[in-house]
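> Listed here are the chains, written in short residue letters.
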Amino acid sequence: MAAILNPLIVCQDIWKVYRIGDVDVQALRGVSLTIERGEFVAIMGASGSGKSTLMNILGCLDQPSRGHYWLNGADTGSLRSDQLAEIRNQQIGFVFQSFNLIPRTSALENAQLPLFYRGLPIRQQRALAAAALERVGLRGREEHSPTQLSGGQQQRVAIARALVASPSLLLADEPTGNLDTQSSREIMEILSELNKDGMTVILVTHEHDVAACAAREVVIKDGQIQSDCVTKTTIQVAEG
Amino acid sequence: MFTWLTIVTALRILRRNRLRAGLTLLGIVIGVAAVIAMVSIGEGAKQAVQKQIASLGTNVILIWPSRTIVGGVRGAQGGAVTLTVTDALDLKKKVPFLTDTGWYIRGAMQIVNGSQNWNGSVYGTSPSYLTIRDWSYSSGGAFTQADLDSAARVAILGQTVVEDLFDHGEEPVGAAIRINNVPFRVIGVFSPKGQSAQGWDQDDVVFIPYSTAERKVLGTLFLGSVGAIAASAARSEDLEDAVEEIRTVMRVRHRLQGDQPDDFTIRTQVDMGKVQEGTSETLTVMLMVIASVSLFVGGIGIMNILLVSVTERTREIGIRMAVGAKRVHIMTQFLIEAMTLGVVGGLIGVVVGILAARLTTIIAGWPTIISSDAVVIAFIFSVAVGLFFGLYPANKAARLNPIEALRYE
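Residue numbers (our numbering), protein chains in the order written: chain F, 1 to 240; chain Y, 1 to 409.
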């Protein structure tokens with residue numbers, strides 16, 4: 001067990017089969033993947049390649065049909081939905097393409113959300129959320145609602161929400177898909193910086209220039225890993 | 001901590017959709033208000049009936065002659081004239097439970113005061129009958145044993161008779177009236193008693209001494225025969241025993257053999273009240289049922305609006321699940337929303353219900369009694385309705401698949 005305890009993520013021969021009508025659709029066909037703490041990985045692939053399915057499994061939103069997924073040494077395959085929710089709450093931060101902020105709710109409260117479900121005292125929630133917003137450069141915008149913010153700012157609120165609970169993994173699903181070039185660059189800078197501070201970041205994208213920010217590129221095709229290569233050697237993988 | 005924040009969140013969500021929440025509330029408000037108003041109307045009716053029963057006097061037992069059966073033909077109640085003054089006097093002597101007995105004969109007579117005339121019920125009674133029936137006087141007073149002994153031509157008038165025979169402001173006491181062309185002096189006026197439980201006007205009466213009625217006005221079949229006997233028991237617990245003893249004494253006095261039926265009927269105040277109380281009880285229950293139905297409909301409104309809300313906020317639910325909300329969290333959020341509707345609707349409903357009951361009394365003149373039981377039960381019920389009808393939508397929300405919920409447009 002010691003060998004698999006060390007990496008943050010270990011996927012072993014993961015299969016995911018959906019049943020649509022009478023047809024079994026194999027979204028993932030035997031994916032094995034190991035990601036160390038502190039890595040910045042881009043998962044690439046065309047739509048329908050299975051990268052979203054893999055992302056859902058890595059994010060504990062879904063469970064594999066076959067195979068094993070260890071996160072921080074814990075096998076997630078046997079967990080109940082409430083236990084998965086707890087893992088999402090404490091170990092994973094999500095950033096989505098469409099921001100997914102709660103409408104008509106202030107930036108601060110959106111950023112507070114994971115702490116809310118952790119049951120922290122309200123003062124502590126506010127303080128941590130304000131610090132997270134400051135970290136993504138949104139100081140002074142705490143009381144703005146999503147409609148009062150630009151796309152780039154909304155995505156920054158989402159990033160603040162993802163990192164507020166100090167997770168061990170940040171999952172970003174096409175985080176720049178809905179943004180202009182300028183905002184995209186800013187968002188990627190924030191993600192790179194977070195990674196430099198030691199956060200493991202997994203980026204799902206189909207854009208090469210976005211993927212270029214990452215240090216490792218995993219390409220998925222037809223539910224299988226087509227290639228897995230380190231693209232940047234300048235960033236050192238943090239020692240376990 | 002979580003609960004408190006969830007309540008705040010639920011309140012905020014309700015405030016966001018003010019019109020929608022308001023209309024949903026309305027259903028509950030109407031339901032709760034209806035329950036409270038209806039129950040207070042029912043309770044008011046019940047108390048009115050109890051008051052009417054009490055207007056008979058306290059612990060009163062009435063004895064009427066039975067139906068006559070001559071050659072198989074049944075006559076009307078009271079058709080036989082079998083009761084006498086001596087029956088009444090003897091009962092008082094022989095039944096220790098009784099504090100007093102009185103008697104009366106009755107007839108409809110033309111009553112004249114100057115140019116006004118009126119046809120009303122004239123009662124020839126013993127003075128004891130007046131005390132047993134608990135009449136009180138708005139002016140003047142009762143006739144006495146001396147009046148009875150001397151067959152004095154004195155009369156006590158009920159309010160209805162006074163209104164019909166005298167001009168407004170004219171003092172009836174001391175006035176000279178004629179009953180069946182016999183001159184009488186008015187010595188008293190009764191305080192109004194209102195309608196009896198059976199619906200007749202208890203104020204449309206003229207009371208004169210029994211002896212005067214027997215000899216000069218109404219006449220009797222034989223000397224000392226009476227229409228009915230009234231007796232009063234000292235304590236209400238004694239009523240049943242008193243009735244039994246009266247029966248025994250009367251059967252002996254009327255020389256009835258073992259298998260002969262009674263030639264008299266005994267009724268207590270309790271017997272007479274039972275039917276009326278039953279009626280108003282039925283009324284209350286019926287009103288309650290109708291009101292509960294509207295509360296139920298209000299609950300369906302809550303469920304409807306929550307189902308819409310769950311669909312609308314599918315994506316939000318997905319987000320909450322993605323950041324770590326457990327099923328119980330989502331469930332609680334929607335349940336609290338439903339219960340908030342129940343609580344707020346219940347509170348407003350209580351106020352509206354009490355106002356509605358008051359208005360009913362003011363406008364329609366119906367007596368209403370706001371019972372705290374009804375208020376508390378209606379309120380608890382409305383919260384329970386919110387909870388019950390919130391369960392299904394809350395469960396639906398909690399069972400959403402986070403991936404599909406996040407993708408929901």
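Hints in this document: simulated from the structure, not taken from any laboratory. Certain hints may be false.
Unchecked claim - Listing some non-contacts, in silico: residues in chain F with all C-beta distances to chain Y over 12 angstroms:
(1) Ala46
(2) Ser98
(3) Asn100
(4) Glu109
(5) Arg135
(6) His144
(7) Ala158
(8) Thr181
As the list claims (entries may be wrong) - Incomplete in silico selection of chain F near chain Y, CB under 7 angstroms:
(9) Gly77
(10) Arg88
(11) Leu113
(12) Cys229
Heads up, the beta-carbon is just placed ideally off N, CA and C, and yes, glycines get one too.
> With reference to the structure, classify each hint as holding or not holding.
Status of the hints after comparison with the structure:
1. Every Cβ of chain Y is farther than 12 angstroms from the Cβ of F:Ala46; the closest lies at roughly 18 angstroms, confirming the non-interface assignment.
2. With a minimum CB-CB distance of about 9 angstroms to chain Y, F:Ser98 fails to clear the 12 angstroms threshold, and the non-interface call is violated.
3. A cut-off of 12 angstroms between C-beta atoms contradicts the statement that F:Asn100 is not in contact with chain Y; the least separation is 5 angstroms.
4. Distance check for F:Glu109 against chain Y: the nearest CB is about 9 angstroms away, which does not clear 12 angstroms, and the non-interface claim fails.
5. Once the 12 angstroms rule is applied to beta carbons, F:Arg135 is consistent with being away from chain Y; the minimum gap is 17 angstroms.
6. The Cβ of F:His144 lies farther than 12 angstroms from every Cβ of chain Y, with a closest approach of about 16 angstroms, so its non-interface assignment holds.
7. Not every CB of chain Y lies more than 12 angstroms from the CB of F:Ala158, the least distance being 10 angstroms, so the non-interface label is violated.
8. No beta-carbon of chain Y is positioned within 12 angstroms of the beta-carbon of F:Thr181; the least distance is around 26 angstroms.
9. About 17 angstroms separates the beta-carbon of F:Gly77 from the nearest beta-carbon of chain Y, more than 7 angstroms, and the hint is not met.
10. About 5 angstroms separates the beta-carbon of F:Arg88 from the nearest beta-carbon of chain Y, less than 7 angstroms, and the hint is met.
11. A distance limit of 7 angstroms between C-beta atoms decides the matter here; for F:Leu113 the minimum to chain Y is near 5 angstroms, and the interface restraint holds.
12. Look at F:Cys229: its Cβ only gets to about 29 angstroms from chain Y, farther than 7 angstroms, so that hint breaks.
Checked against the numbered hints given earlier, this structure breaks hints 2, 3, 4, 7, 9 and 12; the rest are met.
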